[in-house]
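Enquirer: All chains should be modelled from the sequences, with the hints used to inform the complete structure.
There are 2 protein chains.
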Amino acid sequence: MQIRQLFDPESSTFSYLVWDNSTREAALIDPVQSQVHRDIQLIRELRLILKYTLETHVHADHVTGSGVLRQKLNSIVVVHEDSQTKCADVQIKGGDFIPLGTKRINVINTPGHTNSDISYLVNGAVFTGDSLLIRGCGRTDFQSGNASLLYQSVRQQLFTLPGDTLVYPGHDYKGRCCSTIAEEMAHNPRLGLDKSLDDFVDIMSNLKLAPPKHIHEALPSNLRCGVSGKDTAITRL
Amino acid sequence: MQIRQLFDPESSTFSYLVWDNSTREAALIDPVQSQVHRDIQLIRELRLILKYTLETHVHADHVTGSGVLRQKLNSIVVVHEDSQTKCADVQIKGGDFIPLGTKRINVINTPGHTNSDISYLVNGAVFTGDSLLIRGCGRTDFQSGNASLLYQSVRQQLFTLPGDTLVYPGHDYKGRCCSTIAEEMAHNPRLGLDKSLDDFVDIMSNLKLAPPKHIHEALPSNLRCGVSGKDTAITRL
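The listed protein sequences correspond, in order, to chains A and B.
Anchor point for the first sequence: position 151 equals 172 in our numbering, and the numbering is continuous, going up by one each time.
Anchor point for the second sequence: position 169 equals 190 in our numbering, and the numbering is continuous, going up by one each time.
Calculated directly from the structure, the hints in this document are not laboratory data.
Please note: incorrect hints may appear among the correct ones.
Copies of the same chain look alike in the list, so a pair counts if it fits in one copy or across any two.
Said to hold, decoys possible - Within a straight-line C-alpha distance of at most 25 Å, the following computed BS3-like cross-link-like pairs (lysine-lysine) qualify:
1. 229 - 107
2. 93 - 229
3. 216 - 229
4. 114 - 124
5. 234 - 195
Please read all numbers here as calculations on a predicted model, not as lab measurements.
Expert: Next up, the structure:
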């Protein structure tokens with residue numbers, strides 16, 4: 022399985038193109054609408070077939086490219102079953118796996134940043150969305166966020182993966198590309214092994230962050246896959 | 022050999038931390054001075070010994086972190102022998118190799134963006150500085166740049182590497198992380214296989230780019246490794 026990291030500087034969002042080299046089938050994790058032109062060009066140049074777009078959660082800081090990519094490349098929009106994203110084609114939940122060529126992508130429920138976060142596990146790499154960032158994590162103060170639940174997700178779901186599992190986050194604001202589970206266990210200042218649940222809840226309660234700049238456009242738009250139009254008939258994987 | 026990509030958003034510069042997992046010896050390719058604090062923290066968290074800083078060329082768009090890293094971590098400043106960087110500890114040239122733990126880094130001369138560009142080849146990945154960018158290349162209109170020479174460097178040195186060699190460039194301005202030799206041979210709009218030397222020279226002669234914003238500070242500063250002080254005694258590897 023091949024991985025190509027892509028970055029949107031405006032929202033500091035990472036997208037990830039993941040593909041099976043033998044069949045050329047690909048999935049794009051967390052596509053950003055303003056980068057769709059770049060991403061389609063890359064998909065074409067690499068001679069890939071975009072089978073899925075996979076969301077880690079309903080984003081508040083950028084508009085998803087999933088709907089536009091479906092229109093242009095006929096890809097399948099995949100979201101968590103609790104995400105209220107009625108425009109999607111397929112709903113998934115923790116424990117499911119997504120077939121991609123001769124490989125599979127494992128779905129892990131990691132709620133807490135929102136009520137319906139997913140991490141995707143592929144071949145020794147985990148795409149953690151905003152559940153686990155490099156030396157940080159997503160905020161828990163809106164979109165049904167819940168600090169206790171996020172602590173549990175990271176500690177019981179992500180920190181039980183092998184230590185050398187590569188962590189590919191949904192964002193980074195300091196120019197870092199990735200981490201490993203072992204690094205985050207040792208050095209994450211919020212969720213590292215030296216932090217208790219009470220420590221974490223206390224940290225998250227005192228962040229005093231301003232709302233994301235684009236939340237009022239991004240949330241309703243993302244519940245429509247970033248495009249206007251009718252709801253689709255949702256199936257299960 | 023492990024690779025960690027790092028980004029400086031102000032100058033869109035990539036640095037690369039490369040290390041041998043068995044000995045923990047590391048090299049930092051193209052460190053950026055304004056990111057030295059971040060980089061030292063990462064080096065310490067990963068329990069690495071920074072043995073070298075490796076420059077791909079004398080940069081015009083940012084100040085190197087090599088001198089500060091030498092002061093703080095006792096690393097060896099490595100540059101090309103033709104770079105006029107008198108503050109360096111070690112001079113190298115194409116054909117040399119740099120031992121790193123149980124591995125080695127191969128040095129390839131790829132001049133043309135400046136008169137003394139180096140690419141570093143490590144375990145199926147090549148760090149190309151500004152000689153080869155993703156779907157582009159560095160400019161050739163100052164610092165002894167020479168479009169014909171750059172064409173020759175890319176075609177004869179880089180495009181003769183295996184097609185699946187990962188290309189890690191010195192910059193990207195569109196949120197892309199890396200490429201492969203095969204991709205650039207097929208899709209680089211300046212240097213792809215469909216472009217002749219005359220095509221390339223013509224393209225490079227007509228870019229009409231403004232000078233880099235920080236060239237007047239960066240160039241003289243980088244010839245002093247980004248710090249003031251006496252020249253060091255230069256040795257050969």
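Enquirer: Name the hints, by number, that the structure is in violation of.
Expert: Violated hints (numbers, rising): 1, 2; every other hint is consistent with the structure.
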